[in-house]
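K.L.:
Chains A and B, in that order, are what the protein sequence lines are.
Just so you know, we're using our numbering here: the first sequence kicks off at 1 and counts up by one.
Just so you know, we're using our numbering here: the second sequence kicks off at 1 and counts up by one.
Incorrect hints may have been included.
As the list claims (entries may be wrong) - Per the computed footprint, the stretches of chain A lying under chain B, defined by three or more beta-carbons under 8 Å from a beta-carbon of chain B, are: (1) 30-40; (2) 55-68; (3) 80-90; (4) 100-107.
These are computed hints drawn from the structure, not numbers from a lab.
Glycine included, every Cβ here is placed at the ideal spot set by N, Cα and C.
There are 2 protein chains.
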Amino acid sequence: MSEQDILGAIRFDAAGLVPAVAQQHDTGEVLMLAWMNREAVLETLSTRRVCYFSRSRRALWRKGESSGQLQHLKELRLDCDGDTLLLLVDQEGVACHTGRRNCFFRAARDGELVEIAAPLVSPETLYGGHADH
Amino acid sequence: MSEQDILGAIRFDAAGLVPAVAQQHDTGEVLMLAWMNREAVLETLSTRRVCYFSRSRRALWRKGESSGQLQHLKELRLDCDGDTLLLLVDQEGVACHTGRRNCFFRAARDGELVEIAAPLVSPETLYGGHADH
Numbered sequence: 001m002s003e004q005d006i007l008g009a010i011r012f013d014a015a016g017l018v019p020a021v022a023q024q025h026d027t028g029e030v031l032m033l034a035w036m037n038r039e040a041v042l043e044t045l046s047t048r049r050v051c052y053f054s055r056s057r058r059a060l061w062r063k064g065e066s067s068g069q070l071q072h073l074k075e076l077r078l079d080c081d082g083d084t085l086l087l088l089v090d091q092e093g094v095a096c097h098t099g100r101r102n103c104f105f106r107a108a109r110d111g112e113l114v115e116i117a118a119p120l121v122s123p124e125t126l127y128g129g130h131a132d133h
Numbered sequence: 001m002s003e004q005d006i007l008g009a010i011r012f013d014a015a016g017l018v019p020a021v022a023q024q025h026d027t028g029e030v031l032m033l034a035w036m037n038r039e040a041v042l043e044t045l046s047t048r049r050v051c052y053f054s055r056s057r058r059a060l061w062r063k064g065e066s067s068g069q070l071q072h073l074k075e076l077r078l079d080c081d082g083d084t085l086l087l088l089v090d091q092e093g094v095a096c097h098t099g100r101r102n103c104f105f106r107a108a109r110d111g112e113l114v115e116i117a118a119p120l121v122s123p124e125t126l127y128g129g130h131a132d133h
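This is chain A alone, in the form it adopts within the complex:
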């Protein structure tokens, strides 16, 4: 199975992880960055649903498992030196655990951090009161 070839081209770091940038495939919106280990890459390629590795929980993190906000993989790309992944995805709902469409809602403008997007849904609605991505 040639997914091993793809895995072989990825340069995981000393902790066995690689950063993965998720981008909405049709609009180009950068949604989030998270981390993957080998198992997460394999699962993502085989199920076409994005699965990360949660560094805080030290466990696979099937995006949307608790929130329902799934990421469907359109294409996985690898950068020139193999140490970053770009995931073109179709994001259901919102990518950010704060209820915003993407995680990059704070912009440095005139020396200050300005919130440039409001939540589309409350975290309580997403998670029913328990904190998780």
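Starting from the structure of chain A, add chain B where the hints point.
P.N.:
The following block gives chain B in isolation, referenced to the frame of chain A:
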């Protein structure tokens, strides 16, 4: 100077670094991912030219310094938990040291890695024979 407030909101890792995703501001193309330390963030904000920290060279990496392919900062954004930066930039020429517009030119398709973009310029032209980003 309130750039310190912006720095204070960034969660640098144990090595004092934070990943930064560079995106072409008008087309949405994800160009590359590299790393910044505090000094690189400050220099980028003050000069509006993107400066990374090279993990291999352990030194500030003023993007385009040797290749001429500068990245002009349009906006710096911070993600929800402060551990990733998104840089909206205007890229002169090509972002990738291979001479491609962006670094993510290998796509996993049908279980194989396929090159989906060709170099626009040769690395020799960019660097005159010495390897660098």
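K.L.:
Please check whether the region 55-68 of chain A has three or more residues whose CB lies within less than 8 Å of a CB on chain B.
P.N.:
violated (count 0)
K.L.:
Between the region 30-40 of chain A and chain B, see if three or more residues pass the 8 Å beta-carbon test, and mark the coverage as holds or violated.
P.N.:
holds (count 3)
K.L.:
Per the coverage rule (Cβ-Cβ under 8 Å, at least three residues), is the region 100-107 of chain A covered by chain B?
P.N.:
holds (count 6)
K.L.:
Would you check chain B against the region 80-90 of chain A, counting CB to CB pairs closer than 8 Å, and say if three or more residues qualify?
P.N.:
holds (count 4)
Figure legend: structure checked against the earlier numbered hints; the only hint not met is number 2.
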